[in-house]
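> Chain by chain, the residues run as shown.
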Amino acid sequence: MAEKVLMKGNEAIGEAAVLAGCRYYFGYPITPQSELPAYLAKRLPEVDGVFVQAESEVAAINMVYGAGSAGARVMTSSSSPGMSLKQEGVSYIAGAEIPCLLVNVVRGGPGLGNIAPAQSDYWQATRGGGHGDYRTLVLAPNSVQEMADMTIAGFEFADRFRNPVLLLSDGVLGQMMEPVTLPDPVDYEVNSKKWALGYNGKDKGERNLCSSIFLDVDELEEHNWHLYQKYQVMTDLFSTGEYKDFAVEEHLCEDAEIILVGYGIISRILKTVVEKCRKRGIKAGMVRPKVLWPYPTHVFERLAKTASQFLVVEMSCGQMVEDVKLSVNGKKPVYFFGRTGGTIPSDFEILNEVDKLVRPD
Amino acid sequence: MKKVFSRPESMTKKPFHYCPGCDHGVIHRLIAEVIDELEVKDHTIGVAPVGCSVFAYDYFDFDFNQAAHGRAPAVATGIKRVRPGSIVFTYQGDGDLAAIGTAEIIHAANRGENITVVFVNNAIYGMTGGQMAPTSLIGMKTQTSPYGRDAATAGYPIHMSEIIATLESPVYVTRVTINSTANLMKTKKALYNAFKLQKEGKGFAFVEVVATCPTNWGKKPTDSHKWLTENMLPVFPLGTFKDTQGVEKA
Amino acid sequence: MSSKVERVILAGFGGQGILFLGKVLAQTGMHAGKHVSWIPSYGPEMRGGTANCSVILSVNEIASPMVTVPDTVIAMNRPSVAKFNLKIKAGGMLMYNSSLIERQEFRDDIRLVEIPASEIAEELGNPRVANLVMAGAYSKFSKLITFDDLVACLPSLMPGGKKEMLEINLAAFKKGFDFVEEKKYMFGRYVYSVFKGI
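Each protein sequence line maps, in turn, to chains P, L and B.
For the first sequence, my numbering assigns the number 1 to the initial residue and increments by one for each residue that follows.
For the second sequence, my numbering assigns the number 1 to the initial residue and increments by one for each residue that follows.
For the third sequence, my numbering assigns the number 1 to the initial residue and increments by one for each residue that follows.
Hints should not be assumed to be uniformly reliable.
Covered by chain P, per the in silico footprint, the following chain L stretches (three or more residues, Cβ under 8 Å) [claimed, not checked]: (1) 38-51; (2) 60-72; (3) 78-89; (4) 95-109.
The hints are simulated quantities; they were obtained by calculation from the structure and are not laboratory data.
We put the CB at the ideal spot given by N, CA and C, even for glycine.
Please work from the sequences and hints to get the whole structure.
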């Protein structure tokens, strides 16, 4: 096993991308993700890769569309306002079924907001973000190690499903340093995708087309149902299939009366809160969705039978809480606690919320 | 008997959907002939725009990407960087290239991407039904300039070739038209030069073709080249604005 | 100091090498086989013109990397003391750069450690190593990293660094460590009584 190195989350994504065989990065500067392009601007030329600082986020995502169409493992990254700009391209990429990795190091919004960490892009991330009937696979790491691991997994999923994959991070995860063990590099062959533009293997069909336009209504309907079926396959794989365990982390949920729910950096804080609750004799557990779409509904369906209530904690005014409510489906009460605008809730204030729920006076 | 005229190999058998008198079909054919002559068909990749030529890929018999409005140069950048050995070109209209995609074309040109851009300028938005384009002439009546384009509120026709030529990276920038057989041959030569430069790895080449849109101009197909010659060419003069490699002299 | 986990906030002016000092502690901890985390100035205390970071060294896996109640604050300038003084855990430690921070009425439930880090660094000929003087001093108190750990880890923190720079950094560690050792009588739990009324 490789040696541990102390790395920033943003840099871990960069190095992991290189290890995953990604040789193409297109992006535009924005805080707080700038370490990632800075890292790749230096690293990619060392492995004969290409780094392009585009003229805008819009151009960057369309370069990703082009490079992905040509069969490469390719990525871009940005932070909230920049991700809004990229949505045009994401919609085309989803429609044309081009694999790629997108990274959003979420900051405070709406508008220019601020550069502090936030989770207020959950809706944008999980509801599509751009126009049209499409889905993006959304991964939510909570440590620097997972920033690396999920980057590599993200490229694999993108290729497997021919779909854009979004790594949803935040300013804390991007900037923090933790030890990381990096895996061995993957040999990725650009000329391995039969459908890609410029593919020149012997088994090449007549000619390849990467497009999202289906002017005929019947054709577009057929295409949309085809996408839908793909999303169903993904949903199954992440709920009952192969990636069931990848999709979610459960912590002390078996006997829990109150289940705390959070993703990303919040889940780390929730783990501390659970420890403190247990010390006080409160039977608390935690569910952490690691995949935000497809949402791990199955876990909540099961826990709604054993737990008596849920508390969702987010760095937003309440976005993921809607998915928890949909999953719990009215069987048990679902409460919410959030801080927003760039403030990270402390373990104490969350503990205080738990106290109010389990010991109502 | 000697065969003197046939469909270029780079074209599919699909009949054009373009309006009578529209220049797109001829420009498509010229590109296909050039690709054939340069013997690069098996590794050419086109990028189609949004506009009337959104279905360009139906007519060319090689790989294609269909890009978002204005973004073709960015998409072409991505493709070319991954497949530097391929011949990559964009085919864009005036709304696509000179309005919504201004940033993309300027910066692809400025980076000196080794691609070819074919810019078809007919001074109007065709696909959406005849709205004012950034290249519409002063006084030109369109759906969105019903009283004629007024410079005071809508500015002047934008000269993309002249703008691109001011950049250091592009190797070849030229404006042509197909209003006569002589000019058609010149257009083909310009396209040939542009693709040849790419094949040789020389850099960014830009061919602007001043073209017709009889339907949205409200002209008869037979009158539209005359109108083009009398009205558009004075505003968009033909000529080569940049030729750092001296291809036209060769 | 707990033998299982140490939560540290490090703060000072930008340019005092605060973030690097945090990295020194975290990387040393990692090399010493501990779980570590390092976060630059994020959270509600990010406003205010000083640079700060939070470091956790732990025997067990680190749940929350956020430090709301530090066991130790290492303060390199006056505003940092004002900002973090009241957050320190009761029984915790405030280690401060006494070259830039005068003695004052501090809390009486924390351990105070004054290190004239800037002066020591000046004596070494490089005012920029004041941060590493503090690292050396901290290792004297830490239950999770030792002075030897710091020394062993240093080369990995400055890859390609010049030999002279490495030496002066090692000297800074040593001076900080020795300063605490020599003055250890001052750092009893009830040290506040020494300063009261000054």
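> For every hint, state whether the structure bears it out.
How the hints compare with the structure:
1. 38-51: Three-residue rule met by the region 38-51 of chain L, so holds; n is 5.
2. 60-72: Per the Cβ count (9), the hint holds.
3. 78-89: Since 7 is at least three, the answer is holds.
4. 95-109: holds (count 4)
The structure meets every hint from the earlier list without exception.
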